[in-house]
Each structure stands twice: as C-alpha cells, then as structure tokens.
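Enquirer: Take these sequences, add in the hints, and give me the full structure.
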Amino acid sequence: MLPAAEVATDSDATAAEEQLKQLNDRTIVGSYASLDTEWDEFKHGTEKATWTATGLWGWPVSERQDWAVRFKLPVVYERRNEASDHADISGLGDIEVGTGTAFRLNQGWRTGGGIELHADTASNPALREGVWRLHTLWAVGHDITKWLTVAPTVEYSESVAEEHDVASQRYLELSLPTTFILPYDWSVGTKYKAKIDFENGDHWIHTVDLGIAKRISNIPLVLSATLEKSLSGGAKKFQISFTITYYFERYRSTK
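In the working numbering, the protein residues as written are 952 to 1206.
Derived from the structure by calculation, the hints contain no laboratory data.
None of these values were measured; they are calculated from a predicted model.
Treat each hint with caution, since some may be false.
[Stated by the list, open to error] In silico BS3-like cross-links for lysine-lysine, where the CA-CA straight-line distance does not exceed 25 Å:
id, residue 1, residue 2
1, Lys994, Lys1097
2, Lys1142, Lys1180
3, Lys1146, Lys1180
4, Lys1023, Lys1187
5, Lys1146, Lys999
6, Lys1144, Lys994
7, Lys1142, Lys1188
8, Lys1144, Lys1165
9, Lys1187, Lys999
10, Lys1188, Lys994
11, Lys1146, Lys1097
12, Lys994, Lys1180
13, Lys1142, Lys994
14, Lys1188, Lys1144
15, Lys1187, Lys994
16, Lys1142, Lys1165
17, Lys1188, Lys1097
18, Lys1097, Lys1187
19, Lys1142, Lys1187
20, Lys1097, Lys1023
21, Lys1146, Lys1188
22, Lys999, Lys1180
23, Lys994, Lys1146
24, Lys999, Lys1188
25, Lys1165, Lys994
26, Lys1146, Lys1165
27, Lys1144, Lys1180
28, Lys1142, Lys999
29, Lys1097, Lys1180
30, Lys1097, Lys999
[Stated by the list, open to error] Quick list of simulated restraints, FRET-style, between CB atoms:
id, residue 1, residue 2, range
31, Ser962, Ala984, 19 to 29 Å
32, Lys1187, Glu1113, 16 to 26 Å
33, Val1117, Lys1097, 38 to 48 Å
34, Trp1155, Ser962, 39 to 49 Å
35, Ala966, Lys1188, 33 to 43 Å
36, Arg1015, Trp990, 31 to 41 Å
37, Glu1014, Ala1186, 42 to 52 Å
38, Glu1113, Ile1163, 37 to 47 Å
39, Asp1116, Trp1010, 17 to 27 Å
40, Ala1038, Thr1141, 31 to 41 Å
From the three backbone atoms N, C-alpha and C, an ideal C-beta is built for every residue, glycine too.
Expert: As structure tokens, then:
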C-alpha cells in the first residue's frame, strides 16, 4: 500500500470515530446538519412526536480551539388520549439558538462550553413552554482508550422571562456520557443524568440513555437511535429518538 493511501485510510478512520463520539461529547466540534425524530409516550395516554432540524457550523480559531454556532427548529405533533376533551395539536415548536467553543488540551483531553437561548416562539400556544430560557454548559472530554470516551458535563438553565403566568425555571443537570467505539464504524453510547429542580423543592430527577450508531462507509453520514428512561417515575413512560446526521468534513491536503 502506498504511504499516501495509508494516510488517507487513517484519516478516514479518525474522522469516523470523531463523528461517532460527537453524538455524545460536547467537546468535539464538527459542522453538521441533522434531522431528529423523537417519540414520547406518557402514562396518561398522550403521545408526542417531535421532528427537529438542527444545523451546527464550526470553524477553527487556532490549532487547538474551535468555535461553533447552532440552530434548532422543531415541528411537534401531540396526540391526546381518547378520554381527553382536547383535540390533537401540531405546529412549529420553540426554536433554540446557541454558540460555544472547545479546546484540545492534548492528545486525549478536551474541554468546551457554550450558551444557548430557548425562545418562546411556537406557532401554537399549547406547544409553547411559555418561557425564554438561557442554558449554559461546560464539559470535559477524555479518551480513556482508543475505543472508550467519557465526557462529564455540567449544565445550568434559568428562565429570563415567563409568559402567561408560567412558573419560573431554574435547574442544574449533571451527566456522564460515554461512547464505546466498535469495529466497522459502529458505536454504543450511554448517559446517566441527574437533574436538580431548584424551583420544585430541589427535587432530583434521574434518567438513563442507551443508544447505538452507525457511520456509513465512505459517506460522512451517521444513523443513530436512542432510548431514554426515567428512574424517578413521572408522567413520561419513555422516549425514543432516531437521528440522521450529515457531517461537513474538513478536507486538508496531505503534505
């Protein structure tokens, strides 16, 4: 095999691994467009489907730092149970815009953070959260081995404006995402998250996620599926999501 071909093969493998890690690791910045389909089922019979289009554009600030902006636009359909007097509803959901940065500290360590605005812009009042909310986060990513990555993350959210007498929101989320890189461009992701609701008596909510992803050969396209389950009860039975993510790769000439 020619040296140039070896370099190209190694580069492709590294790109695939980074794209699989980025699904679960906020310290990796790569430009992408994605479409997420999320299905929520609640104990009282209501079912909710959300299709979210997301665009993230990242660019290098230096050899060790990247910057990014992100935009999310959801479309929501909510089906009520037969006993409910309310009709099914659908429409555009609340949009979110954000920006952030990430640093490569060395070969196996990264860190990054960002800020995001959740805007009360849904087309149907019944789909609105009724708040404008700021969301900040900071994460540390560490490649323990070539096939195992952890990215502990701290997130804080607080409403800055409430409408229609909606209660204010203020909560902290602590999560531990992990990614296991498997052969043939597959990966398994897990995440444990603890949420502390300061506006509800410092109530703790615990959830776990389990996901699987496949990066398509020779195409920077990743297909992923995730199951989320609450460990603290609540109205939601479970959440399932399927996501298609296309990465806009950076091409560099070999020297």
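Enquirer: Compare the structure with each hint and give your call.
Expert: These are the hints, each one checked on the structure:
A threshold of 25 Å between alpha carbons decides the hint, and for Lys994 with Lys1097 the separation of about 41 Å lies outside it, so the pair is violated. Our distance criterion of 25 Å between C-alpha atoms is met by Lys1142 and Lys1180, whose separation comes to about 11 Å. Of the supplied pair hints, the one linking Lys1146 and Lys1180 holds, its CA atoms being roughly 14 Å apart against a limit of 25 Å. Restraint check for Lys1023 and Lys1187: satisfied, since their Cα atoms lie roughly 23 Å apart, inside the 25 Å limit.
Pair hint Lys1146 plus Lys999 holds up; C-alpha atoms about 22 Å apart against a cutoff of 25 Å. Proximity of Lys1144 to Lys994 is assessed by CA-CA distance (about 21 Å); at most 25 Å being required, the pair is judged to hold. Using a Cα cut-off of 25 Å, the hinted pair Lys1142 and Lys1188 holds, with the two alpha carbons roughly 18 Å apart. Only pairs whose Cα atoms come within 25 Å are accepted, and Lys1144 paired with Lys1165 is accepted, the gap being roughly 24 Å.
About 10 Å separates the Cα atoms of Lys1187 and Lys999, which keeps this hinted pair within 25 Å; it holds. A C-alpha spacing of about 6 Å is found between Lys1188 and Lys994, which places the hinted pair at or below 25 Å, so the restraint holds. At most 25 Å may separate the alpha-carbon atoms for a hinted pair to count; Lys1146 and Lys1097 exceed this at roughly 30 Å. At roughly 13 Å between alpha-carbon atoms, Lys994 and Lys1180 fall within 25 Å of each other, so this suggested pair holds.
Restraint check for Lys1142 and Lys994: the C-alpha separation of about 23 Å stays at or below 25 Å, so the hint holds. Only pairs whose Cα atoms come within 25 Å are accepted, and Lys1188 paired with Lys1144 is accepted, the gap being roughly 16 Å. About 6 Å separates the Cα atoms of Lys1187 and Lys994, which keeps this hinted pair within 25 Å; it holds. For the suggested pair Lys1142 and Lys1165, the alpha carbons sit about 18 Å apart, so the restraint of at most 25 Å is met.
Pair hint Lys1188 plus Lys1097 does not hold up; C-alpha atoms about 35 Å apart against a cutoff of 25 Å. With a C-alpha separation of about 36 Å, the suggested pairing of Lys1097 with Lys1187 is violated against the 25 Å cut-off. At roughly 18 Å between alpha-carbon atoms, Lys1142 and Lys1187 fall within 25 Å of each other, so this suggested pair holds. With a C-alpha separation of about 31 Å, the suggested pair Lys1097 and Lys1023 falls outside the 25 Å cut-off, and the hint is violated.
A threshold of 25 Å between alpha carbons decides the hint, and for Lys1146 with Lys1188 the separation of about 17 Å falls inside it, so the pair holds. Annotation: proposed proximity of Lys999 to Lys1180 holds, straight-line Cα distance about 15 Å (limit 25 Å). With a C-alpha separation of about 21 Å, the suggested pairing of Lys994 with Lys1146 holds against the 25 Å cut-off. Of the pairs offered as hints, the one joining Lys999 and Lys1188 holds, with about 12 Å between alpha carbons and a cut-off of 25 Å not exceeded.
Annotation: proposed proximity of Lys1165 to Lys994 is violated, straight-line Cα distance about 32 Å (limit 25 Å). Annotation: proposed proximity of Lys1146 to Lys1165 is violated, straight-line Cα distance about 29 Å (limit 25 Å). With a C-alpha separation of about 11 Å, the suggested pairing of Lys1144 with Lys1180 holds against the 25 Å cut-off. For the hint linking Lys1142 to Lys999, the alpha-carbon distance of about 22 Å falls within 25 Å, and the restraint holds.
About 28 Å separates the Cα atoms of Lys1097 and Lys1180, which puts this hinted pair outside 25 Å; it is violated. Proximity of Lys1097 to Lys999 is assessed by CA-CA distance (about 38 Å); at most 25 Å being required, the pair is judged violated. Checked against the given bound of 19 to 29 Å, the beta carbons of Ser962 and Ala984, roughly 22 Å apart, stay inside it. Judged by the Cβ atoms, the range 16 to 26 Å given for Lys1187 and Glu1113 holds: they are separated by roughly 23 Å.
A hinted range of 38 to 48 Å for the beta carbons of Val1117 and Lys1097 is consistent with their spacing of about 47 Å. Judged by the Cβ atoms, the range 39 to 49 Å given for Trp1155 and Ser962 holds: they are separated by roughly 44 Å. Restraint check, Ala966 to Lys1188: a C-beta distance of roughly 37 Å satisfies the suggested window 33 to 43 Å. Remark: the range hint 31 to 41 Å for Arg1015 to Trp990 is upheld by a beta-carbon distance near 39 Å.
Roughly 48 Å separates the CB atoms of Glu1014 and Ala1186, a value that falls within the hinted 42 to 52 Å. In this structure, Glu1113 and Ile1163 meet the distance hint of 37 to 47 Å, their C-beta atoms being roughly 38 Å apart. Take Asp1116 and Trp1010: their Cβ atoms lie about 42 Å apart, and the range 17 to 27 Å is violated. Restraint check, Ala1038 to Thr1141: a C-beta distance of roughly 38 Å satisfies the suggested window 31 to 41 Å.
Comparing the model with each numbered hint stated earlier shows that hints 1, 11, 17, 18, 20, 25, 26, 29, 30, 39 do not hold.
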